[in-house]
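2 protein chains.
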Amino acid sequence: MWGMAKTPEPPYYAVIFSSLRTDGDHGYGAMAERMLALAARQEGFLGVESAREGLGITVSYWASEEAIKNWKQNAEHLEAQRLGHNTWYAGFKVRVARVERDYGG
Amino acid sequence: MWGMAKTPEPPYYAVIFSSLRTDGDHGYGAMAERMLALAARQEGFLGVESAREGLGITVSYWASEEAIKNWKQNAEHLEAQRLGHNTWYAGFKVRVARVERDYGG
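Residue numbers (the numbering used here), protein chains in the order written: chain A, 247 to 351; chain B, 247 to 351.
Chain A on its own, in the form it takes in the complex:
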């Protein structure tokens, strides 16, 4: 449980990752935790929010498109992506979006 992300004033970027898991853990839990910790250390990382209820939604927030590209190319993350596609996810979708306004708190 990471709670709600404290993001700066827009504009910034959101990566909305939606997924359905396959059955069984197969190392997923440990890798998911590792990836959150690793993402949090990337340049331009602003925060992350995550929940799973059958459908899993993880939204990570970033300062720039470049920061998103760098994270996507991170070597450990590339290996996690490969395992995700082959083993952990029955289906997934990644949407890269520019946050233009926000409110509430």
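Do not rely on the hints blindly, as some may be mistaken.
Which copy? The list can't say, so a pair holds if one copy fits it or any two copies do.
[Said to hold, decoys possible] Pairs of lysine to aspartate or glutamate, EDC-like flavour, derived with a Cα cap of 16 Å:
| # | residue 1 | residue 2 |
| --- | --- | --- |
| 1 | Lys315 | Glu346 |
| 2 | Lys339 | Glu255 |
| 3 | Lys318 | Asp348 |
| 4 | Lys318 | Glu299 |
| 5 | Lys315 | Asp348 |
These are calculated hints, taken from the structure and not from any lab test.
Based on the hints, put chain B in the right spot on chain A.
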């Protein structure tokens, strides 16, 4: 469980609604279901994804900013927003974002 949203080719818009609930239902479950059904009938609605695990994340997808504004001003939705702020949510954040690219499936 509504599963993963089937959205068209970008660009389109995403409204990322993150929230923490107060204790007890107080009519929340029924209203949440009603709002999902009502949103799905709005002009420009493209889909919705939702999960709660302590933190709740609901991402609704829309064809345009105008569709988002119309939904925000819907009379029944205004009443739900009022109850949400006063009763159901300990905290919430709404982020309006333009989806620029997506992949996976």
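Against the structure, the hints come out as follows:
1. Only between protomers do Lys315 and Glu346 lie at most 16 Å apart by alpha-carbon distance; the minimum there is 14 Å, versus 20 Å within a single protomer.
2. In this homomeric assembly, Lys339 and Glu255 come within 16 Å of each other (Cα to Cα) only across copies, at 12 Å, whereas the closest approach inside a single copy is 26 Å.
3. Taking the shortest Cα distances, Lys318 and Asp348 sit within 16 Å of each other only across copies (13 Å), while inside one copy they are farther apart (25 Å).
4. For a Cα distance limit of 16 Å, the shortest separation of Lys318 from Glu299 qualifies neither inside one copy, at 25 Å, nor across copies, at 26 Å.
5. In the homo-oligomer, the alpha carbons of Lys315 and Asp348 lie at most 16 Å apart only across protomers (13 Å), although the nearest pairing inside one protomer, at 24 Å, exceeds that limit.
The earlier numbered hint that this structure contradicts is number 4, and it is the only one.
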